[in-house]
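Using the hints provided, position chain B relative to the given structure of chain A.
Protein chains: 2
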Amino acid sequence: MLLGAIEAGGTKFVLGVGNEAGEILDKLTIPTEHPEITVPKIIAFFEDKGIERLGLGGFGPIDINKNSDTYGKLQKTPKVDWVDYPLGDVLKDTLGVPVVIDTDVNVAAMSEAKWGNAKDVDTCLYITVGTGIGAGAYFHGQTLKGLSHPEMGHIKVQRHPDDTYRGTCPYHSDCLEGIAAGPSLEKRWGKKGHELADDAKVWEMEAYYLAQALTNYIYILSPERIIMGGGVMKQAQLFPLIRKNVLEMLNGYVSSPYLTEKEIDQYIVPPGLTDEAGVKGALYLAIHG
Amino acid sequence: MLLGAIEAGGTKFVLGVGNEAGEILDKLTIPTEHPEITVPKIIAFFEDKGIERLGLGGFGPIDINKNSDTYGKLQKTPKVDWVDYPLGDVLKDTLGVPVVIDTDVNVAAMSEAKWGNAKDVDTCLYITVGTGIGAGAYFHGQTLKGLSHPEMGHIKVQRHPDDTYRGTCPYHSDCLEGIAAGPSLEKRWGKKGHELADDAKVWEMEAYYLAQALTNYIYILSPERIIMGGGVMKQAQLFPLIRKNVLEMLNGYVSSPYLTEKEIDQYIVPPGLTDEAGVKGALYLAIHG
Chain A
22 MLLGAIEAGG TKFVLGVGNE AGEILDKLTI PTEHPEITVP KIIAFFEDKG IERLGLGGFG
82 PIDINKNSDT YGKLQKTPKV DWVDYPLGDV LKDTLGVPVV IDTDVNVAAM SEAKWGNAKD
142 VDTCLYITVG TGIGAGAYFH GQTLKGLSHP EMGHIKVQRH PDDTYRGTCP YHSDCLEGIA
202 AGPSLEKRWG KKGHELADDA KVWEMEAYYL AQALTNYIYI LSPERIIMGG GVMKQAQLFP
262 LIRKNVLEML NGYVSSPYLT EKEIDQYIVP PGLTDEAGVK GALYLAIHG
Chain B
22 MLLGAIEAGG TKFVLGVGNE AGEILDKLTI PTEHPEITVP KIIAFFEDKG IERLGLGGFG
82 PIDINKNSDT YGKLQKTPKV DWVDYPLGDV LKDTLGVPVV IDTDVNVAAM SEAKWGNAKD
142 VDTCLYITVG TGIGAGAYFH GQTLKGLSHP EMGHIKVQRH PDDTYRGTCP YHSDCLEGIA
202 AGPSLEKRWG KKGHELADDA KVWEMEAYYL AQALTNYIYI LSPERIIMGG GVMKQAQLFP
262 LIRKNVLEML NGYVSSPYLT EKEIDQYIVP PGLTDEAGVK GALYLAIHG
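As you go down the protein sequences, you meet chains A and B in turn.
Heads up: the first sequence begins at 22 in the working numbering, then just goes up one per residue.
Heads up: the second sequence begins at 22 in the working numbering, then just goes up one per residue.
If we strip away everything but chain A, and leave its shape as in the complex, we get (with noise of 0.2 Å):
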């Protein structure tokens, strides 16, 4: 049987064709513009390719709620001309297949613990750090849902003492995404990400806030692993600060051989799965959705 499988994604759409041993066989990747665009692309790329499911796996926020009568449809997300599109249900009477939907982290948690960095244990997070910030959960067989999908990127956070920047969420200030991800961080030092690499204390601020909401999904979810990627995690210098951080904020409170000095190299993880992690978790999707 051959599956669909679509990273719908910011700035691009990864579209795939996949078989039920999880294998892609092909492949094509278009940018992310107004639906009237995208759209056609997607379904010229899938209409004679003979499949027989589509997983996709979507930027949001989006309803994921199968039961729900909008499902599979984009919500208020910043992408203002995708805001109210019915993806689902183009794809769905377009090209005749039934559509499975979830998240592009809760996609991405999944794939990582199928075939990537967490494939050893039943559960896992799986946080991205880059334009926005965004984490899915994989627990036992499924990812985390429930009244809508998680929106992480947008917890509380305690403000690091030598911070004055306001915060670029527009809907709380300084919630966690409108203080550390990348478009705070360019706005708070005025230089991009990469640029300001060598500057410590840039990354010590950074990895003070991403370690305080680490340590409240650790409290909250007790998930078996942390995969982090995103744009902000190539600066690879972060990891060591944030294990660093993690542990003292826990202060020892939760008792696992993982949250110690010795092994949370091994805990809080960069991903497994590199370009094809999310087209992958959205053919899994496909197949078991």
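No wet-lab data here; the hints were simulated from the structure.
Small disclaimer: the values here were computed from a predicted structure and weren't measured.
Any given hint could be a false lead.
Identical copies go unnamed one by one, so any copy, or any two together, can satisfy a pair.
With a straight-line cut-off of 25 Å between C-alpha atoms, the simulated SDA-like cross-links for lysine to any residue are [to be verified]:
| hint | residue 1 | residue 2 |
| --- | --- | --- |
| 1 | Lys100 | Glu297 |
| 2 | Lys177 | Tyr192 |
| 3 | Lys87 | Gln163 |
| 4 | Lys212 | Val111 |
| 5 | Lys62 | Pro261 |
Relative to chain A, chain B alone:
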């Protein structure tokens, strides 16, 4: 088939015998003393009852990982007599039946999801605010656990601008439990919670902290209902204050009819089950765990 159920709390143990329909047929409450006193009473209650399995919802930290060598062992609980006590193994070996273990708050979440105020949804969070603060989550048939069980009471929160109290948590000083559990109320204001019932500023500050926690839980877990129990929540004036603060903090970011002024009183609610919640949840654990 007869099944045993234990709600192991910090001040009392509730012991029950029930059936697969979820009915409690026999019950006994005993105080939580030294294990050498309490455990023989538990054995005496169950040994002639003919139970085939036993479920236990216990205070923590407790090892709830079924694959662990120390499954069912108490960890570094503030109840020093119980530290490292292998409660699960003692009951299994003495009574000769399988023992299924989860935390008291996970069991309460499951119980509310099956028989209480979350029986119409598939996911819920149960939080208790009393001597300590703990929470458990139920998602699509299972309670949330991974590396260990969640310890949601220990998350970081932003200080209220008028609060100079340094906090009671021996691990983190001013984590949520350290500044919002019953003992911190008493130490900050010099009186017990129920003696402060008419002092508006007490409950405004308390609601500010609890609403921060709920806001983070909503962003991270997205439960379909939040149930708030425990001694501090007997101050019913907290509910409208917490609901109002949660809506202000979310600021419309999460799309759901529940997260509106009109419906939030159906989203953040008191428990539906009273005295038998813990022991009924433990019975459910014995049946399905």
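Q | Index of numbered hints that the structure contradicts, given in increasing order | A | 4, 5
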